[in-house]
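Keeping the supplied structure of chain F fixed, place chain B upon it in accordance with the hints.
Top line first, the protein sequences correspond to chains F and B.
Numbering-wise (our numbering), the first sequence opens with residue 1 and increments by one.
Numbering-wise (our numbering), the second sequence opens with residue 1 and increments by one.
The hints are simulated quantities; they were obtained by calculation from the structure and are not laboratory data.
All values reported here derive from a predicted model rather than from experimental measurement.
For glycine and all other residues, C-beta sits at the position ideal for the given N, C-alpha and C.
Please note that the accuracy of each hint is not assured.
[As the list claims (entries may be wrong)] Here are the simulated SDA-like cross-link-like pairs (lysine to any residue), alpha carbons at most 20 Å apart as the crow flies: (1) F/Lys222 to B/Arg147; (2) F/Lys222 to B/Ser86; (3) F/Lys222 to B/Leu47; (4) B/Lys49 to F/Lys299; (5) F/Lys222 to B/Pro101; (6) F/Lys299 to B/Ala99; (7) B/Lys49 to B/Asp18; (8) F/Lys222 to B/Lys174; (9) F/Lys222 to B/Arg96; (10) F/Lys222 to B/Pro307; (11) F/Lys222 to B/Ala99; (12) B/Lys174 to B/Lys104; (13) F/Lys136 to F/Asp199; (14) B/Lys174 to B/Thr129; (15) B/Lys49 to F/Lys222; (16) B/Lys49 to F/Gly131; (17) F/Lys299 to F/Phe119; (18) F/Lys136 to B/Glu48; (19) B/Lys49 to F/Arg134; (20) F/Lys222 to B/Leu118; (21) F/Lys51 to F/Thr67; (22) F/Lys222 to B/Ile239; (23) F/Lys299 to B/Leu85; (24) B/Lys164 to B/Ile192; (25) F/Lys222 to B/Glu89; (26) B/Lys49 to F/Phe217; (27) B/Lys49 to F/Thr215; (28) B/Lys276 to B/Ile239; (29) B/Lys49 to F/Phe119; (30) F/Lys299 to B/Ile107; (31) F/Lys222 to B/His84.
[To be verified] Take a look, some chain B residues computed to stay more than 10 Å from chain F by CB distance: (32) Asp15; (33) Thr20; (34) Gly46; (35) Leu47; (36) Val72; (37) Pro83; (38) Arg110; (39) Arg200; (40) Tyr219.
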Amino acid sequence: MAHSVSAPGRWGRRLAAGAVVFYALITILPLLWIFMTGFKTPQDSISYPPKVLFEPSLEGYVNLFTTRSRQTPEYMASLPPPDTWYEELVRSRDMVIAGPSKFGERMMNSVIIGFGSTFLSVLLGTLAAYGFSRFKVPLEDDLMFFILSTRMMPPIAVAIPIFLMYRTLGLSDTHLGMIILYTGVNVSLAVWLLKGFIDEIPREYEEAAMIDGYTRFQAFVKVVLPQAATGIAATAIFCLIFAWNEYAFALLLTSGTAQTAPPFIPTIIGEGGLDWPAVAAGATIFLIPIVVFTILLRKHLLRGITFGAVRK
Amino acid sequence: MRGVSKHFGEIPAVDHLDLTVGNGEFVVLLGPTGAGKTTTLRLVAGLEKLDAGTISIGGHDMTTADPAVRDVSFVFQQYSLYPHLSVYENLAFPLRSPAHPHSKSEIRRRVTAIAEMLRITHKLDNRATQLSGGEMQRVAIGRAMVREPQIYLMDEPLSSLDAKLRADLRLELKRIQQDLGATLLYVTHDQIEAMTMANRIGVIDQGRLIQVGTPREIYQDPCNLYVASRLGQPAINVIPPGLIPRFAVPPGTASIGARTEHMHISRSVNGSGQGKVEWIEHLGDQNHLHVRIGDHQIITLVDPETPMSRGDDVDIALTGPLFFDAAGNRLRGTGDG
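Just chain F, with the same shape it has in the complex (with noise of 0.2 Å):
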C-alpha cells in the first residue's frame, strides 16, 4: 500500500451509510411509484391526496397486454359469462376484449435491437481499442481523437440527416436500421472504455502465449478476452442502457415494425381515457429485462480477479 487510508471512525461509517441510504431512497422512490401505480385501479392512480395503501388491482397490466372496445349495456348482457378472470376485470368496465395489444412486439422489438446493437458495439470496441493498444496505427491520437468527438454533441443534433438519409436508403423503421444507428453512438464509448481496460492488461501473457505456440488471435481469445471480462461486461451494461432507453431516435425513425417500446408506452395513455396504471405497467415490464441483464453480469464488475498476478 503506497497511500495508507487511515480507517473511518465509528460516526464516518455511520455518516457514510446514512447518505448512502438517503440517495437509494431518492433515486428508488420513483421506481417505487411507477411500480405501486401498476397494481393501481385508474381511479387510486389519480385520486388526490395520493393513496399509499390501496387495494392491489391487475387492470393496468390487462390493459396494457389488450385492446378494448366499450359496448352497450344491452348487448353486455347478451353475452355468456366470462371465461377468465381478465375478462371479467375488462367486463365490469362496461369493455370487451377486442385483441392482444402491440405492447408484446415492441418489447421484442427493444431486445432485438437493444442487444443486436450492443453485442455488435462490445465485439467492434473490443476489436479496435485492442488493436489501438497492441500496434502503432498511424495516427492514433488524432483517431482516437476523431472516434471520442462523435460523443462531443447529443446525438439528436442530427436527427434530420439520419433521417433523410435513412429514408433514401430504406433503413426507416427496420431493426437493421435501428441497431446500426445506437452501434454508431455506442461505438465509440466502446472504443475509449475497452482500451483503458486492454492497456492494463500486460502485453507479456499474450507474449507468452505466442511464444506457446499460439497465434496472436488465439492468444487474443484465450488470454486477452478472459482478463478484459470486466471491461466487456461494464460496457455492455452502458451500451444496452443506451440503446434500451433511447426515445428520440426510436420516435422518429420508427413507426411500425421496428418500433421499440420507449415511443410505444407513452401511446397507451389516448386509449381510453388517462390509463396510468397501463402506463406504470409497461414501464415496469419494460424495466425487467436490463436489471435481469445488469444482476447476471455484477459478479464480473467485481474487479479484482487479474490483481496480484504480474507485479508492477
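Chain B alone, transformed into the frame defined by chain F:
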C-alpha cells in the same frame, strides 16, 4: 546468432551480436539494466524483428519465423501467469496450443511430473493469483519446462524474489537444468546468479557482447576493465600505477585492477605504511576493510580475526594483479609482484 542488430529509433539496443549456445549448455548474459540483454532474448523468441543478422535454432534459420514455430519457451521477469486460470491450467496451456498439440493423458502426465519436480503438486487446483511469489515463479518456470523446446529463454526470472528464495530457486533451477539436459539462455544483472549457474557467461554492455567464457575465465582473465568490474564482491579496486611504490608495471599501463586475492595487507611495523585503515565493515563471516592510500580508497575482504583497527597504518603488497591500458583494455604483461 550471427551479427544480430536491433535499433529502437536511433539507439542501438543490440549491436552485431554473435553467440552460439551449445546443446545442453547453460549460458548467462550478464549486464546492467539497458544493456540489451532482454532485447536479445526477445529477438531469439521472435517477439522483436531484427534489423540485421540471422538467428538459427536447432540448425534451422528462424530469423523471420513467428514465435509460435520457433520451439522456444520463455520465462518472463514478471510472473505473467494467466490469472484467470488455475495452476494446472497454466501448466497445461502450452501443451494445448495448436502448434504443439498433446493428448489429454499426455498433458496430465507431463503437468503432474513437472509439478512434482517443482514441488507444487498440492497447489495445482489453486488459482494462479493465490500463490506466493516464489510459488508463482516456480509455476512460471514450470510452464516453460512442461514442453521440451529447443531452448529455454529466461529473463531475470528470479529478480523479483527475496534473497533467500532467490538462493533456493537458483540451486533448484540448476538442478532441473542438469536433470533435463536442457539448453538455456538466461539473462541477469546478478553476478552471483551468473557465476553459480552458468556453463558460460556472456558479458554484455550497450548492446555489445564484450567477453564470453566460463565463469572462471571471466573472473580470472577478464578482457577489459568493464568485465573485471562486473564480477567480484567487493568490486575490483582500480588504482593508478605508482600508487604502490616499487611495483613495476608493463609499459602502457593506465590502471591496475586489484582484487582481494591480489593484495596482501599487513600492519606496518615502523609506522610508515602507505595506507591507513579508514573503516571496517563487519559482515559476520568476514570483514570489509576500507583502506585509504593517498587520494584512493580500496576495499578488500579480510578475516574477521585480523587484528586491525581503524587508524592503523598498513603496508600493501600486490601479487599478480590485472593491468589495463588507457582505453580500459587488458594488458597481458606481468608486474614484478
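Verification of the supplied hints:
no.: 1; hint: F/Lys222 to B/Arg147; in the structure: holds (19 Å)
no.: 2; hint: F/Lys222 to B/Ser86; in the structure: holds (14 Å)
no.: 3; hint: F/Lys222 to B/Leu47; in the structure: holds (19 Å)
no.: 4; hint: B/Lys49 to F/Lys299; in the structure: violated (41 Å)
no.: 5; hint: F/Lys222 to B/Pro101; in the structure: holds (15 Å)
no.: 6; hint: F/Lys299 to B/Ala99; in the structure: violated (34 Å)
no.: 7; hint: B/Lys49 to B/Asp18; in the structure: holds (16 Å)
no.: 8; hint: F/Lys222 to B/Lys174; in the structure: violated (32 Å)
no.: 9; hint: F/Lys222 to B/Arg96; in the structure: holds (11 Å)
no.: 10; hint: F/Lys222 to B/Pro307; in the structure: violated (66 Å)
no.: 11; hint: F/Lys222 to B/Ala99; in the structure: holds (15 Å)
no.: 12; hint: B/Lys174 to B/Lys104; in the structure: violated (30 Å)
no.: 13; hint: F/Lys136 to F/Asp199; in the structure: holds (13 Å)
no.: 14; hint: B/Lys174 to B/Thr129; in the structure: violated (26 Å)
no.: 15; hint: B/Lys49 to F/Lys222; in the structure: violated (24 Å)
no.: 16; hint: B/Lys49 to F/Gly131; in the structure: holds (19 Å)
no.: 17; hint: F/Lys299 to F/Phe119; in the structure: holds (19 Å)
no.: 18; hint: F/Lys136 to B/Glu48; in the structure: holds (14 Å)
no.: 19; hint: B/Lys49 to F/Arg134; in the structure: holds (16 Å)
no.: 20; hint: F/Lys222 to B/Leu118; in the structure: violated (26 Å)
no.: 21; hint: F/Lys51 to F/Thr67; in the structure: violated (27 Å)
no.: 22; hint: F/Lys222 to B/Ile239; in the structure: violated (58 Å)
no.: 23; hint: F/Lys299 to B/Leu85; in the structure: holds (17 Å)
no.: 24; hint: B/Lys164 to B/Ile192; in the structure: holds (13 Å)
no.: 25; hint: F/Lys222 to B/Glu89; in the structure: holds (12 Å)
no.: 26; hint: B/Lys49 to F/Phe217; in the structure: holds (19 Å)
no.: 27; hint: B/Lys49 to F/Thr215; in the structure: holds (16 Å)
no.: 28; hint: B/Lys276 to B/Ile239; in the structure: holds (16 Å)
no.: 29; hint: B/Lys49 to F/Phe119; in the structure: violated (36 Å)
no.: 30; hint: F/Lys299 to B/Ile107; in the structure: violated (31 Å)
no.: 31; hint: F/Lys222 to B/His84; in the structure: holds (10 Å)
no.: 32; hint: Asp15; in the structure: holds (23 Å)
no.: 33; hint: Thr20; in the structure: holds (21 Å)
no.: 34; hint: Gly46; in the structure: violated (8 Å)
no.: 35; hint: Leu47; in the structure: violated (5 Å)
no.: 36; hint: Val72; in the structure: violated (6 Å)
no.: 37; hint: Pro83; in the structure: violated (4 Å)
no.: 38; hint: Arg110; in the structure: holds (13 Å)
no.: 39; hint: Arg200; in the structure: holds (24 Å)
no.: 40; hint: Tyr219; in the structure: holds (32 Å)
Comparing the model with each earlier hint shows violations of hints 4, 6, 8, 10, 12, 14, 15, 20, 21, 22, 29, 30, 34, 35, 36, 37; every other hint is respected.
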